[in-house]
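J.: Assembly of the complex is requested from the two constituent chains, each provided in isolation within its own frame, with the hints serving as guidance.
The listed protein sequences derive, respectively, from chains E and Z. The opening position of the first sequence corresponds to residue 1 in this note's numbering, with each subsequent residue numbered one higher. The opening position of the second sequence corresponds to residue 791 in this note's numbering, with each subsequent residue numbered one higher.
Source of the hints: derived by calculation from the structure; they are not laboratory data. Because the structure is a prediction, the values reported are computed rather than measured. Any given hint could turn out to be false.
Below, simulated SDA-like cross-link-like pairs (lysine to any residue); rule was C-alpha separation at most 20 angstroms, straight line [as the list claims (entries may be wrong)]:
no., chain 1, residue 1, chain 2, residue 2
1, Z, Lys-872, E, Asp-455
2, E, Lys-585, E, Glu-697
3, E, Lys-696, Z, Ile-885
4, Z, Lys-863, E, Asp-455
5, E, Lys-696, Z, Ala-881
6, E, Lys-696, Z, Thr-930
7, Z, Lys-901, E, Glu-697
8, E, Lys-696, Z, Pro-929
9, E, Lys-717, Z, Leu-888
10, Z, Lys-863, E, Asn-782
11, Z, Lys-872, E, Phe-712
12, Z, Lys-872, E, Leu-713
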Amino acid sequence: MNLNNLKIAWRNVLRTKLFTAFNILGLALGFAGFILAYLYINRETSYDRWNPNYDNIYLVGLSYQGQYTDLTPPALATAIKAKLPEVVEVGRVSYFPYELPFISDDGETFVRDWKAADLSIAKMFGVEAYGISVTDTSLPELNLITPEIAKALFPNDAVQVFEPRLIALQNEQSGMYYHIHGATRPRRLSNLTYDAIFFKPDLAGDKEGDPLPYQTYIQVKPGTDIALLDKKIKQVYKQEISQHHHVVTSAFAKGDTYLDPLKDLHLRPQHGSNTGYITVWALAILSGVILLLAGINFANLMIAQANKRAKEIGLKKVFGVSRVGLALQFMGEVVFQCVLAAGLSWLFVLLCGNALQKWLNYDLAFSALGGHIAWQLLLAAAVTALVSGIYPSVVLSGYHPVNILKGNFQTSHRTAWFRHTLLTFQFIIAMVFISGMLILNRQLNYIRDGDKGFDPAQVVYIKNAMLLNNPADFKPFRDRIQSYPGIEYVTAATSVPGGIGPAEKEFEYVNEARKADHIAVDFDYVQTMGMEVLQGRSFTETFAADSAKGAIINETFAKTFGMQNPIGQTIRGCETDFQIVGVVKDSKMEGFERLVRPTVYSINNACGQFKTEILVKIKPGTARQTLVALEKDWKSINRLDGEHFRYEFVDRKYAALHAQQEQLESAFSAFTILSISIAMMGLFSMSAYSVSIRQKEMSIRKVLGASVSQLFLQLNKPFLRIFLLANLIALPLAYLLIDRWLAIFAYRIAVQWWMFALAGCSALLIAFFTVAYQSVRAARANPVESLRDE
Amino acid sequence: MIQLNNIFKWYNVGGSRSFVLKDINLHIAEGEFVSIMGPSGSGKSTLLHILGLLDEPDEGEYLFMDENVLGLKEKQRSALYKQHIGFVFQAYHLIDELTVYENIETPLIYKNLKSGERKAIVGDLIDRFGIVGKKDLFPTQLSGGQQQLVGIARALATTPKLLLADEPTGNLNSKQGEDIMNLFKQLNEEDGVTIVQVTHSEKNAEYGNRIIELLDGQVVK
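Bound conformation, chain Z alone (with noise of 0.2 angstroms):
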């Protein structure tokens, strides 16, 4: 599903480069379930964004579902990450003006859905994750593991093929991160959805089927 081929990503500091990502070669598969780990400052994040087309390497070769995706214009990667992938963040970044449920429908709306047909998925997805008494709530009534709740119900609402999360649950405690990591696993073997994580617990990314480490902008293992 996923291919990157000699990927670089580097910044221009008072005239010499600085890599943050140094010649990443790597394959997804679909349904695989990646935790990506390494300290502090090894790109991960970067590597996160890169796969989710929010950022562009400035070397390499990007293969998503056999498209090459580099120097795709604007329209076509909204439209590429619109149907096929779902973000998770660590700060949940949801929209504080907006309710649960009106989060949820959000990235649905962009998608040109009817009405009737968001309220369905909407409505199933509520029910999924049993936050119906929630629903008209505002983001800043919730604890953190229920609006990061909302905020993977929010990702999976397009029904996307890739989940990327990026620290998922930086900023829950264990039993809340645990809920979630169970969740991914679920979500992963029984709905088939391929999923990288990026975290810095080594127990959360046993979850996963495959770990990548990286250091200092290289893959180590």
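Same shape as in the complex, but just chain E (with noise of 0.2 angstroms):
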């Protein structure tokens, strides 16, 4: 009975060819979409998971009025340390934003990820390296750098244990000489992440002076009150540190701490973007929903062909097989088609994973496909045969055999309620991904063509790391660039946009102080990055007081602070008084997601940041050999830093902030793609199916005098009204979810009623395609071939 059982499995799949195709293929579609976003959200969740610590890490942050931090004083772990006692281990890491090259006799190598630690840290994030215990504290430094970098730097001998080998940072002349001690073994992922990490047994002391901030991580006993830790941490900060001389000029002196787990970092970090997280969900959610979509496709499919074996359910129950046997046979199939579509899925991915990779713009073969990823889609595939097989199985083994032998069955009219329902959620997704990427595109264009109050086009930024505070000092710079015909404006900056923000500081005007943004740049900073001037001037070199007191702020300060007419007037920050010369349209450099805060530019550098950034606007077309050019002078051009011309053009970096957006627009068009062909693939099937089954109907009427175009509409009025009530619900939730969306933004495109009417015309139009073929050829078919009873 068993393979008889499979005979007519077998025979009703090659008589029903293409509705079994179209069901495998749009499962194995579904199920495609699934691996693809599990891969990517086994690794992004895997992250530091492997450590055993995982659970008891936290980041010790600071946060003020709503702004958050990771950065904070280096005296607050070794408070913490000392009054805490439930806080078992405290590390400090800082990171050298810069890339640089690390210069060995044998060869050298930029390094762009180059961090300091306390080697607390190594224990905490298990760094480990080849031949040497990291737990040493006896060492006075202990400085690593990963086996590539090894390789990079010592070609002749590249092996991974060695006597401490001498390197030079930056060049032979630099004087910053380090001795390398070994290579790390390869971790898996983590959020500590590193080319070359340098660890000390007290990498800051509590030194009230040290200006430069650092990560302080904790980690504690296992089962500790963290919300009570919390609280203690708050008061050491309050008591302890906030006092110091270099943390209260900063904004957070009157800040709080907080503390953000191990488990949150990479991604929703609160002194980031939680892009990431979004990310991660909506893909779960996602894959889930277009299974979903397959496995209802998969279950209508069965159910409208019912008819065609009720015959068989009849006679198998006059010959006594019970309901649960059926039951079970019905299911044994659909469990079968899945396992093919998994598998076939399994293949597609296989097959286009390069293509794929290079689309969305991500490492699959990091996460290969492994066994992990395998479980998943097994038991996705279980769960869709079960979800999607079990309402016909119970259906189609309930029927009455009587009723069957007497002939002239029909199903139909039953279950066409259930259909139609499983058909106006498809159309609901489809439509929701419709508009969810219509919008979600338009928000990216607007980001990228939009107005960012400065012109990032053609303006590239050259590395440096001479300090250029003094424009003086720039002077000679600017004047041998310049001389370059491809070069319109040279400039140095604190800051470059999409590169490490600019610092926070108080400033105050009349009576009020308020926090403000500071970059420090040099002359022609204004006219090179393309911002304009709204009142007074830029500065100029005929003004000589322009160096050391004159600033130029944005329309946010002028607004925050309500002045009036702010040229000529004086605000005070950073122990200095500064003179407005001129104010500027506010500009996006940190992005479309953060709203731009009131900022100062001033040539002066009171605030104590490092002008080294060297921006230079090229005229258009002439990008290459001016490049060329420069890279071949460069090392006469600085003197100090001249071995190595690196440079960047900053519309890449910029756009470089919104790299996540991007990867979920690739994402959501992707599974937006899918949707809507597995949706098709539903409707096409069930136009064929009504067609199929109201073909006589149609004979009928034609016979009656009814047109071509007056069938085609009778034929697919319960599609449009299906499209219509997934049209009612879908626009609000798509509303939502994108409103949701868009809420990132602090600059977004206004939502507008003709985006959803977009959205619905374009998904009329494929609906429209998708069953025309099938009820054209219905609406012409000759009347008498189904009027024939004999």
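T.: This is the structure we're talking about:
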């Protein structure tokens, strides 16, 4: 009997080739989406999870008026360690924000990610080195590099364990010499990344004077009351740290500490964007929804085809097969098709892996199609089979044999509501996807092409480690660089768009003190960045006072302080009195997610940041030859740090700020296409099915004089109703979701009704083309064919 | 009213032609009541379908109301039978999802009549056929005879000049069949509707005033 069941199932598949193919293909697409989503999710959630202290490590950060930073004064760590016994380990990490050449006798390489840390960090984050114990606190320092860097530095002697080797940083004349003690063992994904990490038993002591802030991590005893600990640390900060000399000028002196658990640091750190977290959730939900869509198609077609199998069911019942037996048989068929689809999807992903990797801009190979994902896929297949198989198998096995065998058995009306509900659901999902994609796309276009307040095009940022704080020091640079024909403007600044943000300081105007960003710049900054001067003027060398106390503010600054006529007013910040010489339009240098803050630009770098970033504006069309020429002469231009000419285009650097959103966009587009194709398959099969059962009715109507277009309409009226209903539900839902997503952005497009109308129309168009073929064929068919009774 | 000249209809079966109709020449005048008889497979239904413009012959000429209708476009043809022809089927072919009233109304909708006019016509027919009490029932709730009555009412809704019936009593018992036949006769005599029916039964054929016998696609009598 089992063999017979197989035969029946197989022949049934052959008889309904098209439907079955659609069924399995749709399901396979759903599974493929699932695999991709979970490859990503598995990777993103695996950060530090391998660490045995995963649940006990926290980052101590500072917050003030809704602003968060991961950087803390160094003395905080010492104070916590001394006062709070429930904290087992405290460690500080500081990172060098620039790319830096490491030079040995044999080779040299650029290190992008150079960190310094307390030795306790190595223990907390599971950093290990070949042949060296990282817990040995007797060493004054332990400088480690990754094996890749080691290989580049010491190409002739590539071993993992070696005697300390001397290297130079920056260049041989820089005076920065370090010993490298060993190479780190490869670790799995972690928040603590490095190309080179230099440990000291005590990185910064509790020096008050050290102006560089540090990340502070603590590891607590298991079971510690975190809320209580948080309170205690806040107290320690208020009483001991915030009054220190260097901390007081920082905006965060009045703020509070907070604890951020390690498990949140990668995806949703308090001090950064939670886009990663949203993306993970969105992908999990999206892939689930897609799978559900595919499952619905499946259930739908199963039920729809019940007519064709009614006789089989009736006869089997007459032969005494139990209802459970029949239900199991149908369930088995569903499981078989699901597993087939899952296998097919695995094949898809394997075959298209490279293309997808390129498109989604993500390293899928890293998380390889391994055992973990296979289990998840199998589980998903099982759940899908259960969800999509249970209704058909219960319904089909419940038929009464007598009714079936009497002939003329029709089930289509009884299950119509169910099929229509499922189809409505599919439409809703597809509509939400389509309108979501449209608006997502518009927002990102707005980011790409919208008014940023400055113009990053043709601006090149040249990396430099030499201090150019004094305009007199920079003048020879500018004169030399400006002599190239392709250069329009040259300037220097403490920060570049998309790079490290400006310093946040307190500024006073009249009697009011408020936070504002400070960027120290050089002459021509406003011109180089293509900013618009609204009032006053930009810095010029003709006014000697500009170098010492001239300041340019942005619109927001003027508005925040309620300045009526800002030009000539005096503001005080960083212990300096600045005189305002100009007001510029707000520029969104930190991307569209953050509101532009009040900003002061001055030539005097009174706030202590280093003016090292060189920015040049190049005439359009001459970028290549200008850069080549600059590179050739760079050593003679930049005498102190001219070994390497390294640059980035500011527009690309700026675009990287929204890389996660762009990633979301491409992932979302992919899922939209998936969901539309699955919904289309569903609709196509449904329309084919409804045509097949309504063929007779259509023929009668035709004989009664209906035209082809009237028949077409008649045939698709139910789908139109479903479509309208789905729209009614989908559009508000889409609006809600989109609104929430847009809320991430400080600067966003207005959602307008026509966007949804556009989504609706395009969905209608797609639906129309999907049903058109089948219905037109049915409407044009010769009625005689189906009205013959003999 | 109907003039068929040298009508041929065939199917290609494995390279050779299998004829369904062979050289049919037929004239039916307005007001006639013609019965077509013959054994199964003799081509009765095909002939009826050709008469009703539902099917086309492979060869020959068909003049309907002095107009050559072969080679007409789909639209014109549909306009022709919307206007002049009504069909009655052996299996009634009512639309299951529509009530009796709505079934009768359907052809009027396709004739683009206003709802008021439609109401009047359908009301008349329902009265005349004595199915007032059944107008809100669905076809499946009626007996075969009642269903066929509805089928005929529907065919007459557009006041056709020609009524084509394909074994209208084939699925009915003898009493019901007799009723339907009497109705046909009455329609033919009192309303002047031209009727062509296909039937197996000698007795029903007698209701007409002419009998055409078909055998293997040819008129034998």
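J.: With a cut-off of 20 angstroms on the C-alpha distance, tell me whether Z:Lys-863 and E:Asp-455 pass.
T.: 65 angstroms, violated
J.: CA of E:Lys-696 to CA of Z:Pro-929, is that 20 angstroms or under?
T.: 15 angstroms, holds
J.: Has the given pair, E:Lys-696 with Z:Thr-930, been kept, meaning a C-alpha gap of at most 20 angstroms?
T.: With a Cα-Cα distance of about 15 angstroms, the restraint between E:Lys-696 and Z:Thr-930 holds, given a limit of 20 angstroms.
J.: Given the hint that E:Lys-717 pairs with Z:Leu-888, does the C-alpha gap stay at or below 20 angstroms?
T.: 15 angstroms, holds
J.: Between the alpha carbons of Z:Lys-872 and E:Leu-713, is the straight-line distance 20 angstroms or under?
T.: Distance of about 19 angstroms is within 20 angstroms: holds.
J.: Under the criterion that the straight-line Cα-Cα distance not exceed 20 angstroms, is the pair Z:Lys-863, E:Asn-782 satisfied?
T.: Within the cut-off at roughly 14 angstroms; holds.
J.: Take a quick look at whether Z:Lys-872 and E:Phe-712 sit within 20 angstroms of each other, Cα to Cα.
T.: At roughly 18 angstroms apart (the allowed maximum being 20 angstroms), E:Phe-712 and Z:Lys-872 satisfy the hint.
J.: Are the Cα atoms of E:Lys-696 and Z:Ala-881 separated by 20 angstroms or less?
T.: Judged against 20 angstroms, a Cα distance of about 11 angstroms means the pair holds.
J.: If you draw a straight line from the CA of Z:Lys-901 to the CA of E:Glu-697, is it 20 angstroms or shorter?
T.: At roughly 18 angstroms apart (the allowed maximum being 20 angstroms), E:Glu-697 and Z:Lys-901 satisfy the hint.
J.: Between E:Lys-696 and Z:Ile-885, is the straight-line Cα distance small enough, at 20 angstroms or below?
T.: Cα-Cα ~9 angstroms, so holds.
J.: Are Z:Lys-872 and E:Asp-455 close enough, with their CA atoms no more than 20 angstroms apart?
T.: Between Z:Lys-872 and E:Asp-455 the Cα gap is close to 70 angstroms, so the pair fails against 20 angstroms, i.e. violated.
J.: When you check the alpha-carbon spacing of E:Lys-585 and E:Glu-697, does it fall within 20 angstroms?
T.: Violated, because 69 angstroms separates the two Cα atoms, which is more than 20 angstroms.
In summary, the numbered hints that this structure violates are 1, 2 and 4.
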